[in-house]
Amino acid sequence: MNMAVNIAGVELKNPITVASGTFGSGMEYSEFVDLNRLGAVTTKGVANIPWAGNPTPRIAETYGGMMNAIGLQNPGIEVFKNRDIPFLKKYDTKIIVNVCGKSEADYVDCVEKLGDCDVDLLEINVSCPNVKEGGIAFGQNPDALFGITKAVKAVAKQPVIMKLSPNVTDIAEMARAAEAAGADAVSLINTLTGMKIDVNRRTFAVANKTAGVSGPAIHPIAVRMVYQVANAIKLPIIGMGGVYDTESALEMMMAGATAVAVGTANFNNPYATVQIIDGIEAYMDKNAISDIHELIGCVK
Amino acid sequence: MGKVKMTAQVISQECIATDVYSLVLMADEIAKQAVAGQFISVYSKDGSKMLPRPISLCDINKEAGTLRLVYRVVGFGTAEFSKLEAGDLVDILGPLGNGFDKQDKKAILIGGGIGIPPMLQLAKELSCEKSIVLGYRDEIFLNEEFEPYGNVYLSSEDGMHGVKGNVIDAIVEYGIEGDIIYACGPTPMLRGIKAYAMEKGILCQISMEEKMACGVGACLACICQTKEIDEHSQVHNKRICKDGPVFYAEEVEL
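Respectively, the protein sequence lines represent chains A and B.
The first sequence begins at 488 in the working numbering and counts up one residue at a time.
The second sequence begins at 427 in the working numbering and counts up one residue at a time.
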């Protein structure tokens, strides 16, 4: 049975990774999950310098999910390179580094600093709804997305995945802009911008006022968008958004995703990733599928 | 051994005050390694509620392998837990957090409201001389269980129990003295205690809370502000679930 998939020339032993921001750099979850089993670990977003993130409360639970406005708190690329990457290199898994920035120069600086690092793929976060500058500003306009993709590709030493926002009218148009600018892959979806009000305190549940909604409640939206993008571009897709079990991961693949990221489900079940890998294997076995590529985009 | 996610069996549950429940779970793997000030994540059976609820350990019985949680019903998660009965099963993860840094110094233990339960396990683990100050809004609970471990002083906002006012009012009123404070309770109380401890020049540990998602230090939801740049975060933030929930008061901005 073949479960290996290929993202921009990088072979993942299986299609399962984690959604950036839900898994740190794997250290905390390595107490529960054998990281060697994952197709890849996608790290929390890192910028060229440390970011403090947003005030608390940073999260709220919602029906069938949650919302967060962490604000991309990160220790900066230098500490990340010296601490997080060496930790992940101890494992037989691929490393996808998520990169964030407030300006094109920030993204370029961070990507350049990753040039001498032994990591496999870069995921460019142009879709975080929770920071005032950068982030989503590059991900909601096709011309801006084209520009940042070009700028990053010009300096990147690793293949580049552009992480797309669902907070747009036509995500296929955004995917086409990324493809035209030379992106090697796309990932989607980031969180959907939402708002929750605490009726007892009569204020916003999350200090940032708006926050990104994730979890099983958004899964059908993510599947629809993966399907739209798969039909619009030729690049491989990492599908994410509310994946919480084997079935919801398989849906992503059948809609057109080559790999699948598990996010919010890690909070509910720290073993979610490995259970889904086992579940996909069992599904393939039961349905006499010898190669996982038979499933990718099989629903037309 | 480290953190364990397990399905625990309910030994017993009782309501000990309005909306306050005492839940005893069989959880040997967690009980044998847990210490005062740590907490566990408790998971809802309802798939629409994704996030575990962090609840402090009120009692850790290593011989029996049980954990006791005393918690207040504040939303649908805790409302669900309050309906658990003996024999029911519930998923939990722990032990989480650092716990109190126990020192052999004359101690003042301070608990406010639903911050009182973790102080009971601490009272049991500390063998030094200790005064125990418990602050309530109105209805009292758990206070009698503290009596074997030290002198117990109460405060209540309505004045029906102990000193009318807050825990600091009780400390002043009764002239309570100590060389270290251990405290858990609402943030305004912790702020007052920190100020009191700094004024008196005594050591002070506080246990904090915040909305949590992962409970293990990965998601960075439950941060608190720190005076110095934290080595892990490289900014003025520490993770309450992982670096805490107990901090020396001078480390954090309240």
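Treat the hints with caution; some may be incorrect.
[As the list claims (entries may be wrong)] Beta-carbon label-pair distances, calculated as ranges:
#: 1; chain 1: A; residue 1: Tyr578; chain 2: B; residue 2: His658; range: 35 to 41 Å
#: 2; chain 1: B; residue 1: Cys441; chain 2: A; residue 2: Ala769; range: 39 to 45 Å
#: 3; chain 1: B; residue 1: Glu583; chain 2: A; residue 2: Asp657; range: 52 to 58 Å
#: 4; chain 1: A; residue 1: Tyr758; chain 2: B; residue 2: Lys531; range: 51 to 57 Å
#: 5; chain 1: A; residue 1: Ala769; chain 2: B; residue 2: Glu679; range: 46 to 52 Å
#: 6; chain 1: B; residue 1: Glu570; chain 2: A; residue 2: Pro707; range: 39 to 45 Å
#: 7; chain 1: A; residue 1: Asp732; chain 2: B; residue 2: Asp605; range: 52 to 58 Å
#: 8; chain 1: B; residue 1: Glu489; chain 2: A; residue 2: His780; range: 54 to 60 Å
#: 9; chain 1: B; residue 1: Gln651; chain 2: A; residue 2: Lys637; range: 51 to 57 Å
#: 10; chain 1: B; residue 1: Ala490; chain 2: A; residue 2: Ser590; range: 56 to 62 Å
#: 11; chain 1: B; residue 1: Lys590; chain 2: A; residue 2: Glu565; range: 51 to 57 Å
#: 12; chain 1: B; residue 1: Asp514; chain 2: A; residue 2: Ala775; range: 36 to 42 Å
Treat the hints as calculated values from the structure; they're not laboratory data.
Since the model is a prediction, treat every value here as computed from it, not as a measurement.
C-beta: ideal position from N, C-alpha, C; glycine also.
Comparing the hints with the structure gives:
1. Hint check: Tyr578 of chain A to His658 of chain B, Cβ distance near 20 Å, so the stated range 35 to 41 Å is violated.
2. Distance hint check for Cys441 of chain B and Ala769 of chain A: the Cβ-Cβ separation is about 44 Å, which falls inside the suggested range of 39 to 45 Å.
3. Between Glu583 of chain B and Asp657 of chain A the beta carbons are some 57 Å apart, a value that agrees with the proposed interval 52 to 58 Å.
4. For the pair Tyr758 of chain A and Lys531 of chain B, the beta carbons lie near 42 Å from each other, so the given range of 51 to 57 Å is not met.
5. The supplied range of 46 to 52 Å is met by Ala769 of chain A and Glu679 of chain B, whose beta-carbon atoms lie about 50 Å from each other.
6. For Glu570 of chain B and Pro707 of chain A, the Cβ-Cβ distance of about 53 Å falls outside the hinted range of 39 to 45 Å, so the restraint is violated.
7. Distance hint check: the CB atoms of Asp732 of chain A and Asp605 of chain B are about 53 Å apart, consistent with the given range 52 to 58 Å.
8. Range check, Glu489 of chain B to His780 of chain A: about 56 Å between beta-carbon atoms, so the 54 to 60 Å window is met.
9. Look at Gln651 of chain B against Lys637 of chain A: about 39 Å separates their beta carbons, and that is not inside 51 to 57 Å.
10. The hint said 56 to 62 Å for the Cβ distance between Ala490 of chain B and Ser590 of chain A, and at roughly 59 Å that hint holds.
11. Separation of Lys590 of chain B from Glu565 of chain A is about 55 Å and conforms to the stated range, judged on CB atoms against 51 to 57 Å.
12. At roughly 41 Å, the beta-carbon separation of Asp514 of chain B and Ala775 of chain A lies within the given 36 to 42 Å, and the hint holds.
Hints 1, 4, 6, 9, counting from the list given before, are not met by this structure.
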